[in-house]
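Quick note, the sequences are listed as chains A and B, same order.
With our numbering, letter number 30 in the first sequence gets 30, and the count goes up by one each step, no holes.
With our numbering, letter number 81 in the second sequence gets 1081, and the count goes up by one each step, no holes.
Keep in mind the hints are simulated off the structure, nothing from the lab.
Hints should not be assumed to be uniformly reliable.
Beta-carbon label-pair distances, calculated as ranges [claimed, not checked]:
#1 B:M1137 - A:N115: 54 to 64 Å
#2 B:W1127 - A:Q119: 32 to 42 Å
#3 A:G58 - B:Y1096: 22 to 32 Å
#4 A:R152 - B:Q1124: 32 to 42 Å
#5 A:R157 - B:S1177: 49 to 59 Å
#6 A:F56 - B:K1020: 16 to 26 Å
C-beta atoms are modelled at their ideal positions from N, C-alpha and C, and glycine is treated no differently.
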Amino acid sequence: MPTQLNKELEHKFVTELENNQNIVHKVCSLYTNDRDAHNDLFQEITIQLWKAYPKFRGDSKFSTWMYRVALNTAITLYRKSKKRVRTQDYDSVIFKVKANDYDDTEEQQLKLMYNAIKQLGDIEKALVFLYLEDKNYTEISETLGITEVNARVKMNRVKNKLRTILNP
Amino acid sequence: MDELELLKKDWQKQERQLPKLSYDDIYKMLWKKSSSLVKWIFYICVAEFLFWIIISVLPIKGGEISGKGTNFITITDWVLQIIFFIVILYFGFQFYRNYKSISVTDSARDLMKKIIKTRKTVMQYVWFNVGLFALTMVVVLLEVLIFDPPQPLIERISTADSTLLAWLIVGVFFAFSIAFFGLLFWLFYRLLYGLLLKRLNENYRELEKLEV
Chain A
1 MPTQLNKELE HKFVTELENN QNIVHKVCSL YTNDRDAHND LFQEITIQLW
51 KAYPKFRGDS KFSTWMYRVA LNTAITLYRK SKKRVRTQDY DSVIFKVKAN
101 DYDDTEEQQL KLMYNAIKQL GDIEKALVFL YLEDKNYTEI SETLGITEVN
151 ARVKMNRVKN KLRTILNP
Chain B
1001 MDELELLKKD WQKQERQLPK LSYDDIYKML WKKSSSLVKW IFYICVAEFL
1051 FWIIISVLPI KGGEISGKGT NFITITDWVL QIIFFIVILY FGFQFYRNYK
1101 SISVTDSARD LMKKIIKTRK TVMQYVWFNV GLFALTMVVV LLEVLIFDPP
1151 QPLIERISTA DSTLLAWLIV GVFFAFSIAF FGLLFWLFYR LLYGLLLKRL
1201 NENYRELEKL EV
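Bound conformation, chain A alone:
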């Protein structure tokens, strides 16, 4: 019966999302500035993923498919982040740098870096995110809908932009 099938689908989906939730959290912390917004965006991404899930054929990896839906939701569909104030007081889990792991200059550098990324535009953020996640240019170009050449060019520009923000 359909209900039984639905239950199975739900279970499968929630399990996969639970295992891959890091991807969504990382997108949320890039695109939001406080915890409420983070949770809000996480929820919206979950809803979008769930709505699209019946059409997920499994010909790509669940995680690959997730990157696309999560980024699309953050860049295009999410509405509540209009008042995206650039406050630095968000002790985001991601942007808290562990002191012991690095010497002072490195730590300082990383802090600056994360702040710099926060100041980029939505599309640039997406590029940096995909770069940090070690995605290749084919995947980046398919996710954003631009050609591979342009993805490469733009990525270099964003990298340079970050470097200049760091070393003015």
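Got chain A; can you put chain B on it based on the hints?
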């Protein structure tokens, strides 16, 4: 080492510091309501369709006009009604097709493009209606003036010092009212969709710029 490489290394190490939601937390989210942009656009667009259909069905055409013009009015009215419904059907179909084609699994660029296209259809529909509404008003007014002029107005104008000037004033007043409502409308839409689509338009422009 390059700062960016350092960052990449650090980024990938952060995973253990991320929040962790439980199975139940995620499960509960499945039944929450989406507040996505597409949903908002859908609701507003449907409201616009209904609004104009209701406006067209409302009997605002004071039926007391009598005399030799009646025939002409009835025919114009019929023609307008038929055009109106054919066009509404066309727009409704287009809107439905565009809306259905919106898919969150498209590339970011395609997704934005489709949302913009969906909205454009409805904007065209709205402008068509505004135009038709203005046209109807002009037609009705001309009909009234030509076939069944309101006596008090005519008397006043003919007793005025300058008949031409009096008519001019009536005309200017009428033109101003149309312009005023047009402006109000335009402002309303700028606000409504401007706020809703500001971010999307910005991001779309940014992506488009990449492709030149």
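Hint check results:
no.	hint	verdict
1	B:M1137 - A:N115: 54 to 64 Å	holds, 57 Å
2	B:W1127 - A:Q119: 32 to 42 Å	holds, 39 Å
3	A:G58 - B:Y1096: 22 to 32 Å	holds, 29 Å
4	A:R152 - B:Q1124: 32 to 42 Å	holds, 38 Å
5	A:R157 - B:S1177: 49 to 59 Å	holds, 52 Å
6	A:F56 - B:K1020: 16 to 26 Å	holds, 23 Å
Against the hints set out earlier in the document, no violation occurs for any number.
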